[in-house]
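As a plain string of letters, each chain reads:
2 protein chains.
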Amino acid sequence: MSSRKTIDPSGFSCPLPLSDHPLVLMAHGGGGRLMNQLIEKMLGPALSSPLLDQRHDGAVFEAGNARLALTTDSYVVRPLFFPGGDIGKLAVNGTVNDLAMCGARPLYLSLGLILEEGLPMDTLWRVVQSIRDTAAAAGVQIVTGDTKVVDRGKGDGIYINTSGVGVVANSVSVLPANVRPGDALVLSGDLGRHGVAIMNAREELGLESDIETDSQPLAGLVRQLLDAEVEIRCLRDLTRGGLASALVEIAESTGLHLEIDESRIAVREDVRGACEILGLDPIYIANEGRFVAFVSAASARTAVDVLTAGQQEGGAAVIGTVSEAGPPGVTLKSRIGVDRIVDMLSGEQLPRIC
Amino acid sequence: MSSRKTIDPSGFSCPLPLSDHPLVLMAHGGGGRLMNQLIEKMLGPALSSPLLDQRHDGAVFEAGNARLALTTDSYVVRPLFFPGGDIGKLAVNGTVNDLAMCGARPLYLSLGLILEEGLPMDTLWRVVQSIRDTAAAAGVQIVTGDTKVVDRGKGDGIYINTSGVGVVANSVSVLPANVRPGDALVLSGDLGRHGVAIMNAREELGLESDIETDSQPLAGLVRQLLDAEVEIRCLRDLTRGGLASALVEIAESTGLHLEIDESRIAVREDVRGACEILGLDPIYIANEGRFVAFVSAASARTAVDVLTAGQQEGGAAVIGTVSEAGPPGVTLKSRIGVDRIVDMLSGEQLPRIC
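From first to last, the protein sequence lines stand for chains A and B. The opening residue of the first sequence carries number 945 in the working numbering; numbering runs sequentially from there. The opening residue of the second sequence carries number 945 in the working numbering; numbering runs sequentially from there.
Hints are computed from structural coordinates only; laboratory data are not their basis. It is possible that part of the hints are untrue.
In silico EDC-like cross-links for lysine to aspartate or glutamate, where the CA-CA straight-line distance does not exceed 20 Å [as the list claims (entries may be wrong)]:
| id | chain 1 | residue 1 | chain 2 | residue 2 |
| --- | --- | --- | --- | --- |
| 1 | B | Lys1098 | A | Asp997 |
| 2 | A | Lys1277 | B | Glu1061 |
| 3 | A | Lys985 | B | Asp1066 |
| 4 | B | Lys1098 | A | Glu1292 |
| 5 | B | Lys1098 | A | Asp1077 |
| 6 | A | Lys1098 | B | Asp1095 |
| 7 | B | Lys985 | A | Glu1292 |
| 8 | A | Lys1098 | B | Glu1061 |
| 9 | A | Lys1098 | B | Asp1077 |
| 10 | A | Lys985 | B | Glu1292 |
| 11 | B | Lys985 | A | Asp1066 |
| 12 | A | Lys985 | A | Asp1214 |
| 13 | B | Lys985 | A | Glu1061 |
| 14 | A | Lys985 | B | Asp1077 |
| 15 | B | Lys985 | A | Asp1077 |
Keep in mind the model is a prediction, meaning the values are calculated, not measured.
Make a model of the complete structure from these sequences and hints.
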């Protein structure tokens, strides 16, 4: 075929050894080690730009006289509807939250639908209503869109991409590179609900529970932190790969050592029970309404107070610190007092969670 | 399921009669009448906002002190590689072009990949290289991204979403609502190459030809038109549904009557031959590097000169006018001198062309 490139004309060869990684696996989208390798050894180096190289939840840049954030996420969650939410709710809140994690005030979203031929139109209508209601609740507008249809069997009902634009105040700088030794790690709430709700909705599991997704827009909470003059270094929402993967990613990109205390991490009893039955560790489970804030030690208490006051449900806590020394990575002090190293998952725990 | 909504709590019912449209069909993504209905009777009314209601290729808004454009497109073209291009090239140029059609200078793109389990990693690498090279040629940066993987059989290799942000000069206003009677319709070049190249790449057709996609970034040409002080009212690139659908859409949204002259529309001989064999009309075929400019009558000649000077290949021409009277719609004077009404296709001519 005329477009076939056997040799990259620029002489740039892929840092990911393709012979060792011949095929895309589910885990390449799972938020763990393989996805990290795909990003660090193929997508990142090939598409390198100063903004992409920040490895943030979005890009913050100047355009015209404005300081803006741009972020994107595709949503392929299965099933489309689950306790407490659906793919439309995730698609709006997820992108609103990525903007919030950049310290931005979310304004405008784009909506890209990839529909499978034969999808019941009523299903699409339910998802569209959810998108509308979630956008209204989050205070954002859908301003542009695109719809594609793929052949029956070449999709899975609905895939959604939302991209978002927000405005970042000049005083705000929220970036992995800002994290420094002595900072506190503040977790915004309890872990694990979204992942357990999705697993439960997949009929093969059949757990009896009323656990619902924790999907919610986080921009309001971030704004409250900023208004309270909490010194925020970095924010990260805890989606694919959960708390563990988010922290390992930040530890590796900053070269710092993070220490967390398992006993400070809130997990609801029913979620913990479900995790034990399933053999899962809550720190790896995806959330859709939780984030970790790296803040100055002096701000930690205020941050917890703001997060506690700003939500109906509890669980906000200082869960650890950025260590003064130690190799890049994450150590967890377990409930029984034993230290262990936290790594990303190498395989795929929960495919298509978002 | 707890999230099941049988009644829309807002009392808003879908203007698209779902009993008449029970399932999503390929044509709902085809750029013709069914897609138009889906947008006008479901997505548009449900998600209505002043920007979305403009029915433009993107949204232009103020953010901070800047005037910006945001646009999004998903790419599901089949096959992934075809003469003159691939899905990565389309994904970059397509979104650059939607920004250009808003009169924006394209700056930053997001990249959302939906990969199918089992995709050869080498295929992904070829697409990533194409994305990199096309972005460099178009002068845009990929600044943020997302990767999802779906199960084998639930995708088709690679789907790509690109969203883009550009800056719009204060002096520029390029919108369907600006079109007025007496304006000239200027076509930027010859029609039909992209669609014929794709069809040819689908092995079932087996035409002998070296027709390549016309995919190219159009922002440079738009800039040259603006620099030459062409009075641009509206711009529209001629992708899914081709010239015909683009013009009908603008005629319907403005309530104006457009008259075009088939003899002024350039179609290469080999493209015309392929169309005749396939029973297709070139005005309905998708292009990825062509647009129509609605310009003041006084600017029409300059526009054609700029477009001719700015491209290696010809075909730029005044192909019609916005009529002073007549019902909303499009009339084509055929090569044999007969007038006929141009409508959108009701079915699906060429699925998954982009």
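Legend entry - Ascending list of hint numbers which this structure does not respect: 1, 2, 5, 7, 9, 10, 12
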